[in-house]
Structure formats: structure tokens, C-alpha cells
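Peer 1: Spelled out, the chains give:
Protein chains: 4
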Amino acid sequence: MSPSLLLGRLKAHRQADWDAYTHHDFVEQLGAGSLPRESFLHYLRQDYVLLIHFARAWALAVVKSDRVSEMRVASSTVHSLIDEEMKLHIATCAEEGISEDELEATPESTANLAYTRFVTDTGLRGDLLDLLVALSPCVFGYYEIGTRLAEKSGGPPPEHPYHDWINTYTGEEYAEVCATAGSMLDDVAHRTIGTDFEASPRWPSLMRIFSTASKLEAGFWQMGLDGS
Amino acid sequence: MSPSLLLGRLKAHRQADWDAYTHHDFVEQLGAGSLPRESFLHYLRQDYVLLIHFARAWALAVVKSDRVSEMRVASSTVHSLIDEEMKLHIATCAEEGISEDELEATPESTANLAYTRFVTDTGLRGDLLDLLVALSPCVFGYYEIGTRLAEKSGGPPPEHPYHDWINTYTGEEYAEVCATAGSMLDDVAHRTIGTDFEASPRWPSLMRIFSTASKLEAGFWQMGLDGS
Amino acid sequence: MSPSLLLGRLKAHRQADWDAYTHHDFVEQLGAGSLPRESFLHYLRQDYVLLIHFARAWALAVVKSDRVSEMRVASSTVHSLIDEEMKLHIATCAEEGISEDELEATPESTANLAYTRFVTDTGLRGDLLDLLVALSPCVFGYYEIGTRLAEKSGGPPPEHPYHDWINTYTGEEYAEVCATAGSMLDDVAHRTIGTDFEASPRWPSLMRIFSTASKLEAGFWQMGLDGS
Amino acid sequence: MSPSLLLGRLKAHRQADWDAYTHHDFVEQLGAGSLPRESFLHYLRQDYVLLIHFARAWALAVVKSDRVSEMRVASSTVHSLIDEEMKLHIATCAEEGISEDELEATPESTANLAYTRFVTDTGLRGDLLDLLVALSPCVFGYYEIGTRLAEKSGGPPPEHPYHDWINTYTGEEYAEVCATAGSMLDDVAHRTIGTDFEASPRWPSLMRIFSTASKLEAGFWQMGLDGS
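Chains as they are written, first to last, in my numbering: chain B, 558 to 785; chain G, 558 to 785; chain F, 558 to 785; chain D, 558 to 785.
Fair warning: there could be bad hints in the mix.
The list treats identical chains as interchangeable, and a pair is accepted whether it falls inside one copy or across any two copies.
As the list claims (entries may be wrong) - Listed next, the in silico DMTMM-like pairs over lysine to aspartate or glutamate satisfying Cα-Cα at most 20 Å (straight line):
#, residue 1, residue 2
1, Lys709, Asp576
2, Lys644, Asp623
3, Lys644, Asp658
4, Lys709, Asp721
5, Lys644, Glu627
6, Lys644, Asp721
7, Lys644, Glu730
8, Lys644, Glu708
9, Lys644, Glu657
10, Lys644, Asp687
11, Lys644, Glu661
12, Lys709, Asp640
13, Lys709, Glu652
14, Lys644, Asp743
Source of the hints: derived by calculation from the structure; they are not laboratory data. The structure presented is a predicted model; accordingly, all values stated were derived computationally and were not measured.
Same shape as in the complex, but just chain B (with noise of 0.2 Å):
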């Protein structure tokens, strides 16, 4: 069950595009363990960065919102990209002897540069409706492979080298997150172009933006396996 309908219709018609961040090489390795330790490593720290972004951009939700209570919404998220889910990368991290000062200061990868930048001037360019969408791919996908990873791996076992990677991101706590973002990006679609998605003029413009989105997903986790 998608937890969004708009999220749905996006899927549907960029189908390809979606298969090929949700399936990545980078993702399969992770699910199956064989992920090299080097590559999560260098895909964690860019990662942290990439965070720092995004977090950014939902703060520009905020700007963007007309409702206090999507600004919380877009708050919330803010507050669980910068306290909940960096934890992971600091833990993770840490236990390889990288400070947070380090984390923080990682030469940002060009493919990082790209996805994150794309998302951010996609708000300066556009409404709140542009920025759900450019963000859509992050929130929703990492939940979707997160729990396909987990139900392929049976859980997965404590011994899995990947194990809280994985748990992360099918937590309930990340599944509240997306549940909320989902229904956000629902009201926010209705209240801008209406029920009929495909209908709209803005479609094309909209699946664009999703479709840079996802290829800019899976350039990220290339970046992982090349190490560059």
C-alpha cells in the first residue's frame, strides 16, 4: 500500500526510473550482505552530507507551507533527518574511529552535489507541490527498500552486517514519517492541482521532476560502488 496517491500515480508512469533506484546493484549488495565495507562507508559519509541537505530542504517546506499545520509536518521532519537518522551515520561511524567533525566536513561527491542542489533550487524555482515531489524519492524509497530488505532477509538477523542500516529505515518511527509526509503530499496535491493528477497541466513538468529525482537516487548509490 503506497502512502500516497500521488506518490502511486508518479511510480506508474516512471516506473523504470523508480526499479532502477529501488533496485539498484548498490541496494541488492546491501540486502544480501555482500555490500563491500568500503562502499557503505564511503556511501554512509556521503550520505551524512547529503542529509544536511535535505534537511535544508525541508526547512524550505517550511517556508513554502500556508498551514501551520503543514509547517509542523515539515518541521518534524527537519528535526527527525537532523536528530534521528544522523544518528545511525555518527553511530556507524564512530565505531570506525570518523568524528562528526569529520562526517560534517566530507568532500561532497559530484553525484551528492547534484541530487541535493536539484532538490534545493527545485524549491527556489517552484512551490511547495515541486519540492514534495523532488523529495519524494528519498522518503519513499528508502522505506520501500528498507522493508523489502527486511522481509527478504527475515528480519533481518542480528549478525547481518547491515543489520541496523536496514532497521533504520523500516523502523515504526520512519514509518510514521513517511505515513505523514505521505498524507502531506496528498493534501498538499489536492489543494494545487486537484484530484485528477494526470489531468493537470503541471503532470509532465511534476513526473520530470520525480524522474530527476530517482536517477539522481541511483547516481548516489553508484557513487557508493565506484568510490568516486
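Keeping the supplied structure of chain B fixed, place chains G, F and D upon it in accordance with the hints.
Peer 2: For chains G, F and D alone, kept in the frame of chain B given last:
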């Protein structure tokens, strides 16, 4: 004949706000030639600063455009505001011994701050359509006022004290700015909310932006009269 | 003791603006308990809408931060405004039969538009320091006012008609918001213009922002008295 | 002779990044006339889209300016990019049967997204100086490259396959754009961080922006070679 279909519909739904702005006492006195010189000069100095922020807002429209053709229209409007429209202000104030530097340093009245910053913030918050709607009362209203006053005063005659002002907003150059801006407004509207404007879920919000900007224009005239 | 070195210098250079704001007649009447209920309620409704835009402005500070630690401070201020400070408004208005939806739909006065949009536009135009300086009269001024009125009214006693308002801005929670915001303001200032504030070429421009925001605060009180 | 004092200092501190960009293999092959046509056309199509976003970024500089004189410079740069510099791209691509609409619809490479959106986001995040520093490698680097290649190739002769490209970036018109932009950059720098640039606490951050933009320029050339 309205230079824009969307403008036509917005005016029809917000006629009282539009009339209160375009038939404000300041305007009527200016047309009759009875407006005290002091009121006119106070208005003109504030309007010089307003044009700076409207040029910033049209530049923000360039930032928010996603077609080169529209970037060209918005960019040429920036140029028209900075290099053409301001000339009247500079020339008129020079006659009164007020320099260009003094003009630029005019302390902004509350009515001025409220209007211009509402427009730029609308651009930060919403999309290109929201921003263009916030800009439309100024662009199109001045043309409507100028044309009406010119007809009423029969020209106006060279000895009319506000001859130059009326001519600035009835000249061919300004008419062309309006025609181009009107056509861009409709293109953006069609691409964003389709052709049945009132059927869009965004209609109430667009009317609200239009109504607020019209009221702030009226407040700007009032500031001229009050010297506030 | 000032919660911020920069605030201390800005106040010293713009003492008249600061005093006109923090000792405004509205404030004195509120402290004496003689402020008409109608004035207070008019102010409170406008202030509810103001808080929405100040929360947007603090969210913009998150967007503009380049340190995770500062994103945390700005983000927790958004939360504090939306979830804590607004409670007073909601509760007080509920007693008068004004619902939360009605509060959110309050038509904004010109004084309100001018102030809040000046702040968000300052954030769009300048850097984090410009934005924080524009936000500082509100954050720190309210604490200074609250503390002074509490001392003067000796508590204030439970029967004081504006007991809750005074307590909101003197409580430990608000004191902590100020201390944290003050320390962030100084950190950002040191990193941006160094420690000798007045020697920075940006000093005149920072004073101008501070002065404008202080005057707009005074205009906001005046709006409460005038019912405008 | 450098068109800007600030540029001179940034280059001196980030010489390796600057050289890797201005002497990139793509540039050397272009100068020698040995660059494969396919690489050049791939670059040119991406560069057309890049110019769109650089025009948006210069428009953002108008939004962030606080002097009319600087708004004029930034606004005329928008015009120069959209109306002059793009002409080369349109004409060259037309010869190869690529229309203007096709050009505008070029799918952006990751290197392109990373560079252009980094620039616009820098403008959203920081102040005018940050944005101008992010824009400077493009403006000034192209002039330096064009001039060096022109000298090396002795003209270049009319039969040089990249004759038009080299001439675009050595012509008087482009030289003037650089001189004006350089003088504005220094004015803004002096007004923001004073005359002893390296003594400013912002110096490390400005170098970081300059360095990132230079590296992204090098990545853009590499994309041309790789066809990625």
C-alpha cells in the same frame, strides 16, 4: 480590452478591491491636476524605492521561469523598470533639487515595505504564477489608470501639472510592456492551472494574492495623500 | 546582562529605536494592566499570524545555516514558535470564542505584512547574519519587556489581566530560547564579520536592518492600540 | 592583468584548482583544433542548458543586490547570456540540424546539474558576495581561456574548427562583460569583507566556494570528453 484573460477574471471577482485602487482619491486628484505637489513628490520618492523592489521581484521571476522565452520577457521588464520607468522619477525629482542618490536613500514608509516585501515573499513562497499575480495590479493597473486619465483630461494638455506622469503610463512603450506581460501571464496560467481558471483548486489562493496586492496599491496611494 | 554581544552593540547604537519599541505605550499599558481588552485581542490575533511568518523566517535560517549545530538551534526555534508560543494565543483566544482556524485566517494588517515580509525578504536578499539581525528585536525584545514588566508588577499577581502574557516571556523556557539564540547570533557574527563589529564594512547595513525591524515592532504595538 | 582584485587573490590561493580547470584537456584539444566534433557538440548542448541556469543565477544576483548600479550590471549580464552568448550555441547547433527547442530540452548531465544548482543554491544560502564568487570561475575563466587559446593559435585562423568559440570569448563585448563584472565583484567584496580579503573570517568559506565552482567547471569539460 484586457491585456490578459487571467487578469480579466481576477478583476471580475475582485472588482471592489480593483476599483478602490484604480479610482483612489490620489488618482482622481492627479488626473484633475489638483493633487498637491507635496503629495505627488512624497509618492514619487517612495515609488522610486518601490521600483527597485519591483525590479528585484521581476528578476525573481527570471529565477523562477523554466522557459528561455519567459526569462527574456521578465528580464526585459527588469530593464524597463530600472532604465526607463525610473527616468521620470529622476528627472522630476532633479527639477526639485533631489538627486539620484537621495532618491535611492529615501526611508521606506510602512505602506511601501508592506507592498514590495509582500510581493518578493510571495515569489519565495509560491511558484511563478503566484509571483506574476502579485505583480499584476501594478503593471496593469497603472496602464488602466494612465489611459483613463489621459482620455478624461483630453491628452493631457502640456500645461497639466502631471502631464509627464500620465504620458509615461499611456505611451506605446508602456503599452507594449503590458501586452507582453499579459501574454506571458496567460501562458504561465494555462501551463499551471489550465484554461478554466475558476475550476482550479488554486483559484481562492490566487484571488487572495491579487486582492492583497490591490489593497496594498490603494494603501500606497493613501500614503501619498497622508504624507505618511 | 545581554544574551548577545552583537545585540548589545546594536542596541547601543540604536538606543532611541530600541526604547521606542520596548517602552511603547502599548507595553506600558499592558504592564499596568490598563490596556483595553479589545486592543490586546486585536494585537494577539495579528501576533498569531506574525508567529507563522516568524516560524517561516527561522526555517529560512535553517536553509541558510552551514553548520549542523546551528541548524539544530534554528529548527528548535521553529518548533518553539509553532508548538509553544502559539499556545498562549490559542488558549487566550479560545476563552473569547475565537477558534484556531479563525486565528489562522486573520486578515493581516499593513503593519503586520510590513514587518514579517521585511524579515523574510531580508533572508532572501542577504546571508544568515542579516536574517538573524532582522529577527533579533522580536526574540530579545520580548524577553526584555517581559522581564521588566514582571519586575514592575511584582510577579505579576494572578489577578493581573495580562498575567499569562507576561509569564510566557519571562519563563525559563523562553529564557533558554533567548540564551541559545543569543549565543548562535554571536557565533555567526564572529564567523562573518569578526569580533570588532563596528569595524566591519557591513556595520552600517546591519544597523539599518536592526533599526528597521525595531521600528516595525513599534509599529506593530501601535497597530494594537489603533485597532488598525 | 586580472579584471578583479578578489579574483586575483582567490586564484593565488587555489592555483591548482584553477589550472586544472583552465588548462583541462578539453580546452587544450579545443585550442589545438583536435577536439572531436562529437565532444564539442555534446559540450555545447549541455552548455546551452548551463547558460539558462547561469542567467537564472545572475537574475538572483539582481534580487540580492542593494544598489541600483549593481542591479544594472547583473541585469545586463542576464541579457548578455540570454541574448548574446547563446547565439553561438544556437547558430553552431543549427548547422548540425539541432533546433533551439531541442537545445532547450537537452537532458542535463549530472556534471551540469551539480554545477548550476550548486551556484543557485549558494545564492539562496549566502549573500551577494557568495553568489558572485560562485559565478566567477565561469565568467573570468572563459575569458582567460579564450585569450590564451587565441594567442596560441595566432588569431585563430578562419579555418580553425573552433574559430567561433574562441572568438566569442575574446571579443570586445565579452571583455567588457568581464571588466564590468570584475569591478562589481570588487565593489561588493570591499563593502562586505573590506580590503584585506585574507583577514576576513569569511575567507576560508569564500575559498571553498571558489574551489568547488572551479572543480565543477573542470568536471564540465570532462563530461564533454566522456560524452557522459
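Peer 1: May I ask which of the numbered hints given earlier this structure violates, with the numbers listed in increasing order?
Peer 2: Result: hints 8, 10, 12, 13, 14 break, sorted rising.
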